[in-house]
Amino acid sequence: MDGIHDLGGKEGHGPVPVTDGDAPFAHDWEQRMWGLAREGICPSMTIDWFRHGLELMVPGDYLTFSYFQKWATNYLMLMIDAGQITLEELERGYVLDPADPAKAKTADQIVDQVRRACVDFSVPEDAPAAFAPGDTVRTLRQITHNHTRLPAYARDCEGEVIAHHGCHLFPDEGAHNRHVGQHLYTVSFTARELWGQDANPRDSVTLELWESYLVPA
Amino acid sequence: MSTFDSKHAADLHRHLHSHLPSDPALRVKALESLAVEKGLIAPETVDAWVEAYSEHIGPMRGAKVVARAWVAPEFKARLLADATEAIKEFGFEGNATGHLHAAENTDDTHNMVVCTLCSCYPFSILGMSPAWYKSAAYRARAVREPRAVLAEFGVDLPEDVAVRVWDSTAELRYLVVPQRPAGTDGWDEERLAGIVTRNSMIGTDRVLKTGAA
Chain S
1 MDGIHDLGGK EGHGPVPVTD GDAPFAHDWE QRMWGLAREG ICPSMTIDWF RHGLELMVPG
61 DYLTFSYFQK WATNYLMLMI DAGQITLEEL ERGYVLDPAD PAKAKTADQI VDQVRRACVD
121 FSVPEDAPAA FAPGDTVRTL RQITHNHTRL PAYARDCEGE VIAHHGCHLF PDEGAHNRHV
181 GQHLYTVSFT ARELWGQDAN PRDSVTLELW ESYLVPA
Chain U
218 MSTFDSKHAA DLHRHLHSHL PSDPALRVKA LESLAVEKGL IAPETVDAWV EAYSEHIGPM
278 RGAKVVARAW VAPEFKARLL ADATEAIKEF GFEGNATGHL HAAENTDDTH NMVVCTLCSC
338 YPFSILGMSP AWYKSAAYRA RAVREPRAVL AEFGVDLPED VAVRVWDSTA ELRYLVVPQR
398 PAGTDGWDEE RLAGIVTRNS MIGTDRVLKT GAA
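Protein chains in written order, with our numbering: chain S, 1 to 217; chain U, 218 to 430.
If you are wondering where the hints come from, they were derived from the structure by calculation, not from laboratory data.
This one's a predicted model, so the numbers in the text were calculated from it and none came from an experiment.
The beta carbon of each residue, even a glycine, is placed where N, CA and C say it ideally should be.
Please note that a few of the clues may not be correct.
[Unchecked claim] Pairs of lysine-lysine residues, derived as DSBU-like cross-links and limited to a Cα-Cα distance of at most 35 Å, are as follows:
(1) Lys103(S) - Lys246(U)
(2) Lys105(S) - Lys281(U)
(3) Lys305(U) - Lys105(S)
(4) Lys103(S) - Lys351(U)
(5) Lys351(U) - Lys246(U)
(6) Lys224(U) - Lys246(U)
(7) Lys305(U) - Lys103(S)
(8) Lys426(U) - Lys246(U)
(9) Lys10(S) - Lys351(U)
(10) Lys10(S) - Lys246(U)
(11) Lys255(U) - Lys103(S)
(12) Lys10(S) - Lys224(U)
(13) Lys105(S) - Lys255(U)
(14) Lys10(S) - Lys255(U)
(15) Lys246(U) - Lys105(S)
(16) Lys305(U) - Lys351(U)
[What the hints assert, rightly or not] Quick list of simulated restraints, FRET-style, between CB atoms:
(17) Leu297(U) - Pro216(S): 27 to 35 Å
(18) Val119(S) - Asp324(U): 29 to 37 Å
(19) Gly403(U) - Lys103(S): 28 to 36 Å
(20) Thr19(S) - Gly428(U): 16 to 24 Å
(21) Asp2(S) - His225(U): 18 to 26 Å
(22) Glu272(U) - Glu193(S): 20 to 28 Å
(23) Thr106(S) - Leu297(U): 29 to 37 Å
(24) Lys103(S) - Ser271(U): 16 to 24 Å
(25) Ser239(U) - Pro124(S): 31 to 39 Å
(26) Ala217(S) - Asp324(U): 38 to 46 Å
(27) Ala163(S) - Ser239(U): 19 to 27 Å
(28) Glu376(U) - Glu158(S): 18 to 26 Å
Sequences are here, hints too, so could you generate the full structure?
Shown next as C-alpha cells:
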C-alpha cells in the first residue's frame, strides 16, 4: 500500500535526532511496551500482519507518535482484532473474568528464549528462479493495496541482481496468513538511478526484493 | 485469531484514534493490565526482557564478533560467507538474525544500514535499536543523502569512498564490519571489542578511536 510508513527518500524531516536518542528508551512505558511485544502477547499475528497494522494507522498519528507509541496503538488494534481483548474491556480498564496468571520468567530464561527464536524465513523452492546474479532487472511501478515491501523510491527503476537467496516467505501473502514462498534477490541500484545525476556516482542502495516485484530490464 | 483483514484493522485504528486518550503511558498501562489479567504475560516477565537485553544481549555481542574477525582470518571468512552460522559459534543467534549478512568496510567502501519501511534491526547481535535509528528523519534520509546523514554523526567521508546503503526491508539483516584502526597491533580480542561502537556496526560511525581503550 502507498502508506505513510514508506519514508525512504521523503524530504522535510530535518536532522537525525542523534543527541536526544542514544538510549533505547526515554520513558518507563516504552520499555514496558517493548517487553510486552517481545513476549508475543498476540500469538495469532504474523510479523507481516504486525507491520501491516502499523501501516494502517491513522496517517497523522503515524508521523507524530513516537516509535513505541505506535507500537502501543498497534498492539491494542491487533489484540482487539484477534479477539484477545474487547473494546469494552479496554474502555472499562479491566477484565470481568480474569484468567489464571501467567508464570513469570527470569532474564536467564529470556536469554535462552531469544536464542531459540532464530527464525528461518526460507522455504523450499517450487519453481525455477527467473533471475540470477548479474542480471539487470526493473522494478514494478504499481504495487498492491495491501502489505508489500517494494518502497516507493525504488519503483520503476533499473538495478542489478547481486545475490539470490532462494525462496523466502512472501510478505504480501504473509500479512494475510498465507504462507507461500517466492524467490528473493538482493538488487543494487545506483544512487543516480534513484535520485538523479547530482548523486555521487560511486554510491548505491541495495534492497531485498521478491521476484514478483521485478521484470527483466 | 487475527482476522488479517486490512479494512477491519484500519477501521479499528480509526476507532481507537477517536475514542482513546492518546497519552502513550495510559495506552501501555491499559494494554499491560489487560494482558496480565488475560494470563498472557506476568509483569515480571516484562522486567526480565529489559534485563536480558540490557545486561546480556546488546552491542557488546556484535563487538565481540567484529573483534574476532579482525584477529582470526578464517573466522572472518566464515562471517563474510555466512554470518547467520558464524554468530552461532558465540551463541548469539536469535531475534531477527535468522538471515544475517556481514558487510565489510574497506578503504574505498562504506556500508550503512537502514529500514525505510519500518525499523528492522538485528536484535540478538546488536541489542535494542537506538531511537535515532527508528526516527522518520533517519529512515527518510539514509537512502537519499547518506553522506549528509553521516556528517550529522560526525563522519566526514571523502568523495571517493563509495557509500553502499543496505535498506533491510525483507528478513535479511546486516552487520557492518568496521575497519580495524591503526595502532592496535598486538591487542587481544577483548581489548579490540572495547573500541567497536554500536554505530560503527550500523554504519553511522567509521573511524574507530583507540585512545580511551
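Each hint, compared with the structure:
1. Lys103(S) - Lys246(U): The given pair, whose Cα atoms are some 19 Å apart, holds under the 35 Å limit.
2. Lys105(S) - Lys281(U): At roughly 27 Å apart (the allowed maximum being 35 Å), Lys281(U) and Lys105(S) satisfy the hint.
3. Lys305(U) - Lys105(S): 24 Å, holds
4. Lys103(S) - Lys351(U): 32 Å, holds
5. Lys351(U) - Lys246(U): 22 Å, holds
6. Lys224(U) - Lys246(U): 27 Å, holds
7. Lys305(U) - Lys103(S): 29 Å, holds
8. Lys426(U) - Lys246(U): This hinted pair is violated, its Cα atoms lying about 42 Å apart.
9. Lys10(S) - Lys351(U): 15 Å, holds
10. Lys10(S) - Lys246(U): Answer holds: Lys10(S) to Lys246(U) is near 33 Å, not above 35 Å.
11. Lys255(U) - Lys103(S): With Cα atoms ~12 Å apart, Lys255(U) and Lys103(S) stay inside 35 Å; holds.
12. Lys10(S) - Lys224(U): This hinted pair holds, its Cα atoms lying about 26 Å apart.
13. Lys105(S) - Lys255(U): Distance of about 17 Å is within 35 Å: holds.
14. Lys10(S) - Lys255(U): 41 Å, violated
15. Lys246(U) - Lys105(S): Cα-Cα ~20 Å, so holds.
16. Lys305(U) - Lys351(U): Distance ~27 Å between Lys305(U) and Lys351(U) Cα, so the pair holds.
17. Leu297(U) - Pro216(S): 27 to 35 Å: Since Leu297(U) and Pro216(S) have Cβ atoms about 30 Å apart, the given range 27 to 35 Å holds.
18. Val119(S) - Asp324(U): 29 to 37 Å: 36 Å Cβ-Cβ, so the 29 to 37 Å window holds.
19. Gly403(U) - Lys103(S): 28 to 36 Å: Violated - the Cβ-Cβ distance for Gly403(U) and Lys103(S), about 50 Å, lies outside 28 to 36 Å.
20. Thr19(S) - Gly428(U): 16 to 24 Å: Given about 22 Å between the Cβ atoms, the range holds.
21. Asp2(S) - His225(U): 18 to 26 Å: 20 Å, holds
22. Glu272(U) - Glu193(S): 20 to 28 Å: 45 Å, violated
23. Thr106(S) - Leu297(U): 29 to 37 Å: Taking Cβ atoms as reference, Thr106(S) and Leu297(U) lie about 36 Å apart, which means the hint holds.
24. Lys103(S) - Ser271(U): 16 to 24 Å: 22 Å Cβ-Cβ, so the 16 to 24 Å window holds.
25. Ser239(U) - Pro124(S): 31 to 39 Å: Violated, at about 45 Å.
26. Ala217(S) - Asp324(U): 38 to 46 Å: This hint is violated: roughly 31 Å between Cβ atoms.
27. Ala163(S) - Ser239(U): 19 to 27 Å: 43 Å, violated
28. Glu376(U) - Glu158(S): 18 to 26 Å: Given a distance of about 24 Å, which is inside 18 to 26 Å, the answer is holds.
The structure is inconsistent with the numbered hints 8, 14, 19, 22, 25, 26, 27, although it conforms to all the rest.
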